[in-house]
Every structure is written in structure tokens, then in C-alpha cells.
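Number of protein chains: 2
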Amino acid sequence: MIGDKKDKFYFLYERERIKVEKKLEQLLQDRKPASLYLPGSYILRGGGKRLRPLLVLFSAKAVGGKLSSVYNAAVAVELLHNFTLVHDDIMDNADKRRGKLTLHKKYDVNTAILVGDSLLSVAYENLLKDCKDNIKPVLEAFTKGLVEVCEGQSMDKDFESKKNISISDYIVMIKKKTAAMAEMCCKIGALLGGGSLKDIRALANFGENIGIAFQIQDDLLDIIGDEKEFGKFVGGDLMEGKKTFLLLKAFEVAKGEDRKKLQRVIDRKGIKLDEILVYRELYKKLGVLDDAKTEIKRYTDKALMSVQVLQNNTDREFFTWLANSLIKRSK
Amino acid sequence: MIGDKKDKFYFLYERERIKVEKKLEQLLQDRKPASLYLPGSYILRGGGKRLRPLLVLFSAKAVGGKLSSVYNAAVAVELLHNFTLVHDDIMDNADKRRGKLTLHKKYDVNTAILVGDSLLSVAYENLLKDCKDNIKPVLEAFTKGLVEVCEGQSMDKDFESKKNISISDYIVMIKKKTAAMAEMCCKIGALLGGGSLKDIRALANFGENIGIAFQIQDDLLDIIGDEKEFGKFVGGDLMEGKKTFLLLKAFEVAKGEDRKKLQRVIDRKGIKLDEILVYRELYKKLGVLDDAKTEIKRYTDKALMSVQVLQNNTDREFFTWLANSLIKRSK
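Protein chains in written order, with the working numbering: chain A, 1 to 331; chain B, 1 to 331.
If we strip away everything but chain A, and leave its shape as in the complex, we get (with noise of 0.2 Å):
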């Protein structure tokens, strides 16, 4: 979920996410053949904040675009998450996603790269039902965001053998294998929207540094993070020896046993569970912690920035309050 019931637009959203979900439900459904469609209907009852087909809707709400003519735009970028998501599974040999068997494992390895293929084709599908007179801006802005995943997903996979890995080349791997993708939706929900090109830039700004936020977010749920809410186990990362924004910051400021500390997650590709609290402690005191917070905010703060340009005040506020829900979920 996002934001809090008492909040003036979680109904809204919810309302939206709902549609979305029913048409994730049934989108699959009836398609044949059962041995391809029904793991790819299995993969998208997986739930979820279902925060990328909501940028588009709302993307094309804010430019005075009809939600009603995106909703197949809204699916496509879902499915283009989800392709990601059973693909990304594979390689990290996941056992569970949200509480569920990952695909691969509810099936198998040979099924699960055939149907992320499928739920590709299938958004592309979808997204062209959408498209009207400015089709090739949105295909590019769609196939953009395509063509960085892959390559953010690359990087992402370079890293856990590469060392010296600085802050900035963990920030431009994220650009790509998160924020690209928020960056395209909101993108997409302006252009089909008709809005205009300050609008669209402002949007996809917005997507960017959310996305952004978001990822660090991530990263820092994984130390501080619920663990029942979160539903992954906290201290995963650090398990795993992760290169995520707070081990690289870590690196950054830390010095003697300290360094030599975290030089052992490296060496030994993660730590045992036990190990966890005194490695949060060690962020703690390098303050680390603190400084994923600021980075966080500032992201945060920018994307805010980019919104003011927004003709509604509605709309403006609809966009700060999810940009601070993000920031303040826990899962």
C-alpha cells in the first residue's frame, strides 16, 4: 500500500490500483496457449503497490489527459516490470517474490524465460492500443526505458564481481535499472495524455528522481526495514554482500577495522545472519544511515521541484504526496 488511509489521496490511488489490478487479472486469462498464459496470469496476481502503471494514469491526469484512454499504456508498463522481474528472478536464483514462489521455481527455469518473453510481447501489445498521433515518441520513450533495464540489469550484474565500485557509477546503474522505467512511465502518461513539452519534461523528471529515491530507499529498508511489512528478510543484502548505496558509502568514509570489516563482506560475498546487527551498527556509526536519508530527501526534493510546473494545484499535491508516501513506506 502507499500512504495512510486518513490521507486525502489514498483513495484515490487505491481506486486507480484496484482497476488496474482487475484488468492485470484478466488480461491473460482466456489467451491460449494455457502452458504460457496462465504462469504469466499467476506472475501479475502477484499485487503490489502497482506504482508504474499509476505514474502513467496520473502522468496523464496532471497534463489533461483522460485516464480512461491510457489504462491499456498503464498495463504495458506492468507487464514491462513484471518481464523484468521473472527475468531478474532467474539470475539472482530468487525462491520467493511478494510471499510467492517466483516463477521459475513454481515452475521452471525453461518456463519462466519463455513467459517474461511473453509478457513483453504482450505489453507492446497493449501499449499500441493506446496509441494515437504521437505513437513514435511513446515507443521510443517505452522501448528507451527497454533497452536501459537490460543494460542497468547488466551493470547491476558486472558489479557483484567488480571492486572499487564508486557512488556514482551505483547511482548511474540504478538510472538505468530503476529510474529509467519511472522516468518512461511518467513520460508515457504525458505524452498520450497530449501535454506539453514542459509538461512532459517535468514528468519525466519527476519519474527519474523518484526513481532514484526510491532504489536508496530500498537499500536502506533492507537495514531498518519491517521485516513482516518489508517481505524480504532484513540484512538480505548485507547476506548476499551486496554493492548497495550504503555498503559503497560505507567504503567511502570508513577506515582501519572498520574498512577491514566491510572488505569482508566483499571477500567473502556476504555475511552470515548473525553478523547482521553489528554491520548495522557499524553503518551507524559511520553514519551512513543518515547520509542515505539526505540523498533520499534531496532526490526527493528534486523530483518535488520538477512538479511545480504543473498547471493544477491538485495535481501538484497529488504528486508530493506520493512522492513523500514513497519515501515513508516501509515495504
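Hints may contain errors.
Copies of the same chain are indistinguishable here, so a pair counts whether it falls within one copy or spans any two.
[As the list claims (entries may be wrong)] EDC-like cross-link-like pairs, simulated, lysine to aspartate or glutamate; straight-line CA separation at most 20 Å:
#: 1; residue 1: 32; residue 2: 160
#: 2; residue 1: 23; residue 2: 258
#: 3; residue 1: 105; residue 2: 92
#: 4; residue 1: 144; residue 2: 130
#: 5; residue 1: 32; residue 2: 148
Just so you know, these hints were derived from the structure itself, not from any lab.
It should be emphasised that the depicted structure is a prediction, and the values quoted were computed from it without experimental measurement.
Use these hints to put chain B onto chain A, whose structure you have.
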């Protein structure tokens, strides 16, 4: 290679094939990250007939379009084709393709999944470069080709464990897995070349029928092809117990002992190397090699019929030569 050096159209085909080859060679070489685009380049250097891009080029030309305005689209269909090869090779656990290590053997499965995805992303990127006025039908046709190739691959996988596959099930499967792509190549070539509805339909029809003929020919070559020229092990389909046109047709006509022999191919999931000759003789006895030839001829004739509507005599001749060369091929 397609055709013979003494053929009138051989050098025309070769000239364009070499141009496509060069474009494919340069396409990814300077792109970053190298971890993604170097393996991509490796797979694009695999050679082959480059039939699909050539269908795009000559379809555009046949309707009065310029070759120079559809090279990116030609590259796009070859990228799409290679995306399917990379992922299919993982699913089939294939070690080699055209004498070279498959991508997942040269690198690893995770790289191959991601590089496949990336080839598809660059495919759309390239296709969009050649799209002008009629972008929507072009993108729709390309996406339909992608949707169908996923569905066809899923059906092909289903066939492995299904009993009682009929020849008509088989035709539906190869229409999706092989013919839809050839149909799409001709269609987008004709669309981009500015063809009339009649021309577009004629060329799409040519593509579909030649695609079906091509696949049945592929099944036939597994039994009668020259091993050195064909590149694949002759009899490989039988050794894997694959439900080819030949095996399914044999089941339709075989009785008694012959039928039991065929059933063994299914039950044991393939035959041994030293049994291939026995089964070749059985196929001959049952007449299924001739049945295959008849079907190949029938679909080729349908293809040739469709291109008779083309205005220019040389174009009609070219497509006739192309179709006949494909039937006569030994690999």
C-alpha cells in the same frame, strides 16, 4: 548460401546479405556495458542466410520502396530472430549453433537470458528508426510476430510431453513459431515501402507460406540432408524424439509393427545413433518423405501464387527464384 552462383538473382541477394552482415557487425560494437553488448555481437556474427532481413528489403523494393530506407527494419527482424535463437538454445540445452558455441555455453545462462532480452530491445529501437507515417501497422505487425513466436515456442515445448499431436496441430505450431515471423518480415517491408493493401497482403501471404514450406523442409533435411552442409547432426530430430512433420505423418499411416516402432521413438524419448538408418527406411516405406516433399511443394506453390499480383516482372521472378532456392537448399 541461397541459390547458385549461376543464378540471375544470386549476386543481388548476396550484395544485400553482405550489407546486412556489415550493419549487424557494427551495430553493438561500441555500446556499453560491454558485458551486455559483446556477447550480443558474438551472436550476431553467427552468419547464416539472413533470410528474414532480406525478406524485409526485397518486399519493400517489390512495392516500389527504396532499399536504403529499410535497412534498420531489416536489422530489427534479424535481432528479433536472434533473440529467439538465444532463448530457444537455452531451453533446448543446445551446445552449438552453426558450428559455434551457443551463447549460454560460451558465457552462461544468466548472460544469455539478458543478452536475448537486450537484442529484442535493440530490435525495437532499430525498427522505430525506419518508421515514418505508417508506424502503427508496422509496430503492430512486428509485435504480432513476437507474440506468435512466443506462443509457437510454448506449443512446441508442450508437444514434447503431449500425445496424439495431429498434423494440423503441427501446422498451427509452425505457423506461429516459424511462418509468422517470415510473414511479418514481408509485411513490414511492404508497409515501409509504401505498398498498396493488395501488395501488402500478397507479400505477407508469400512470407507465411514460404515459412511453412521452410519448416517442413527443415524437418525433411534432418533425414535426407548432407551432414556437413546442413551443420546439424543428420537424424538429430529422431534422436531427440522430436515430433516433426515426418514422425507425425508416419503415425497417421503406420500400422502394426511399424506403428510400434514409431511408438518406441516417443516412449523412449528418442532413438539411438545406430537406429537412424532403420527409421529412415521406415519413413521411406511409409512414403512420408514424399508426403513432406508434396507439402513443401504445395505451400511453395501457394507462396508463388500470391506474388503473381506484383506489378514488376523482375520482382515476381525474384520471389520465385527465392522460394525455389529455399526448397532446393541443403541446410
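Quick rundown of the hints versus the structure:
Proximity of residue 32 to residue 160 under the C-alpha cut-off of 20 Å is restricted to the inter-copy arrangement: shortest distance 17 Å between copies versus 39 Å within a copy. For the identical chains of this complex, residue 23 and residue 258 are neighbours neither inside a copy (51 Å) nor across copies (52 Å), given an alpha-carbon limit of 20 Å. For the identical chains of this complex, residue 105 and residue 92 are neighbours both inside a copy (12 Å) and across copies (19 Å), given an alpha-carbon limit of 20 Å. Taking the shortest alpha-carbon separations for residue 144 and residue 130, both the intra-copy value of 18 Å and the inter-copy value of 16 Å come in at or below 20 Å.
For the homomeric pair residue 32 and residue 148, the shortest alpha-carbon distance between copies (11 Å) is at most 20 Å, but the shortest distance inside one copy (31 Å) is not.
Violated hint: 2 only; the structure is consistent with all others.
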